[in-house]
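Q: On the provided structure of chain A, position chain B as indicated by the hints.
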Amino acid sequence: MDDMKLLRDLGAALEHEPPATLARQRNRLTQARPRRRRVGLLLTGLAAVATAAAVAVPTLVLRGTQTVAPPAGARPAKVATGALNVLVVGTDSRAGSERFRASRGARTDTILLVHLPADRKEITAVSIPRDSMVQIPRCGSVPARMDMINSAFDKGGLTCTVKTIETLTDVRIDHMMEVDFNAFKEVVDALGGVQIKVKQPVNDAKSQLRLPVGMRTLNGEQALGYMRLRSLGDGSDIQRIKRQQALLRAMLAKAKKTLTDPGRLRSFLAAATKSIKTDKGFDLETMADLAVSMSDSRLPKFVTVPWKPYPPDPNRIAWKQPEADQLFARLR
Amino acid sequence: MITQPATRGADADLVSASWTQPEAFAELFDRYSAMLYRYVSKRLGPEPAEDLVGETFLVAFSRRRSYDLAYADARPWLFGILTKLISRHRRTEAARYRALLRAPVEDSVDSPADRVAAGVSAQAARPELASALAALPAKDRDVLLLIAWGDLTYEETAQALGIPIGTVRSRLNRGRRKVRAALGDTNPLLDEEA
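Protein sequence lines, in the order shown, are assigned to chains A and B.
Counting from 1, one number per residue, gives the positions in the first sequence under the numbering used here.
Counting from 1, one number per residue, gives the positions in the second sequence under the numbering used here.
Don't take every hint at face value.
These stretches of chain B come out as covered by chain A in the derived footprint (C-beta under 8 Å, 3 or more residues) [unchecked claim]: (1) 17–26; (2) 30–40; (3) 47–56; (4) 125–134; (5) 144–150; (6) 172–183.
It should be emphasised that the hints constitute simulated quantities derived from the structure, not laboratory data.
Think of the CB as a built atom: it goes at the ideal place given N, C-alpha and C, for glycine as much as any other residue.
Just chain A, same shape as in the assembly (with noise of 0.2 Å):
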């Protein structure tokens, strides 16, 4: 006996036989709708799919390569079944650049816990300001300490990120996904740059972006620079996630509005899919599912983690309670 017989004797083991009802799906087959119905629902659901790809989270809903490696030891319980939570980070990594090596580490500029609830009608993308003051886990050989919650990244990457969100919201993170540099800014020309209002003129000597006031159409690396602009204003990170959300909305808007025409979905999804590692699984068949669970979702609302000025350094935040616990129980 060996390794293969003891594995397929525990096949039969667990095997059972088909049941009479199985042939209520070969009805499904036969009652295939006509070719025509399949497509229409098909391009609907990919816009929809290609809309969230805009926020690259459907990439992740659909099991991309980025899944969690489950943070060690206890974790929260996942409570309504059929809903999702995706941890977006977009960090400052930019692979295969010259100016940033890999070996300075990346840090996680921005933070989207995106809920999506079982009827995948309502989204809500909770932006977590990068300068909280928060108790970081132990992760690793690193200790639990209080720090900025974008170091969790530097320090123990993805898996600590989750681990320490999971910790401080006690919201169980089902998948979660990085975007770079480089896949927002093909994101951004794959969709053929996308449209802003900018209110208060743009000179950044860092990005080199020079934005007048009024409705502006921004290309990838200009859209990345606006993202990433943090002298501006007050220089807060709370007026840069105002900016975050609103160029993300924007992004999703225009996704609606342009990935109707084949031709163009088609080139969005190549650049989304190259640039936003997926893996085998995402495939057209594997978007259309969920794409037709999410066809009439609506934009999704963004808000950001209540908070308050962190009393020890006023440059920093703190999460304001029991405001932000209140909101993360409903994601839970």
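A: For chain B alone, kept in the frame of chain A given last:
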């Protein structure tokens, strides 16, 4: 290995017939739904199995025009689709294996005379097997189980997963090595007899 009776036409003929007569596709369901059901029931249990089998055929049907008619046997194609669908149920699968860990091992204190040596040995190894399966990376588990539980050959597994046959071999070896390590790298049966 499951072989097809020579009397009936190749699956590929059914698929190509279904391009013009969609009803022909139902014959594929009659041929393979039970086999696919048994396979899913091992990995995910009976509850999701029925729906997944239906889903597999719907996906297959929608892709029937891209079927490579050079392959007479449609099983690898169907198993490939099913594998992708199963991968969305990783939690269910993991929970299923974990449940086996908790289940009491029966007969472990029965008198030796009642024992069917091989059966006891297989049953005693069950928790180790289950935890090894739960711990395997999904890609390795897919390969291992397509071969052990789906009765596919190496070539068919390669075809099902769209990977080179060398990759099938290396994933299988890695999976088996871990399973054997979980079993203590000993052969329980031989140990008992020693």
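Q: Do at least three Cβ atoms from the region 172–183 of chain B come closer than 8 Å to Cβ atoms of chain A?
A: holds (count 4)
Q: Are at least 3 residues of the region 17–26 of chain B within less than 8 Å of chain A when you compare beta carbons?
A: holds (count 4)
Q: Do three or more residues of the region 144–150 of chain B come closer than 8 Å to chain A, measuring C-beta to C-beta?
A: holds (count 5)
Q: Okay, the region 30–40 of chain B and chain A, do three or more residues pass the C-beta test at under 8 Å?
A: holds (count 5)
Q: Counting residues of the region 125–134 of chain B with a beta carbon closer than 8 Å to any beta carbon of chain A, are there 3 or more?
A: Since 4 is at least three, the answer is holds.
Q: Count the residues of the region 47–56 of chain B with a beta-carbon closer than 8 Å to any beta-carbon of chain A: does the count reach three?
A: Coverage by chain A holds for the region 47–56 of chain B (5 residues, Cβ < 8 Å).
Every hint from the earlier list agrees with this structure, and none is contradicted.
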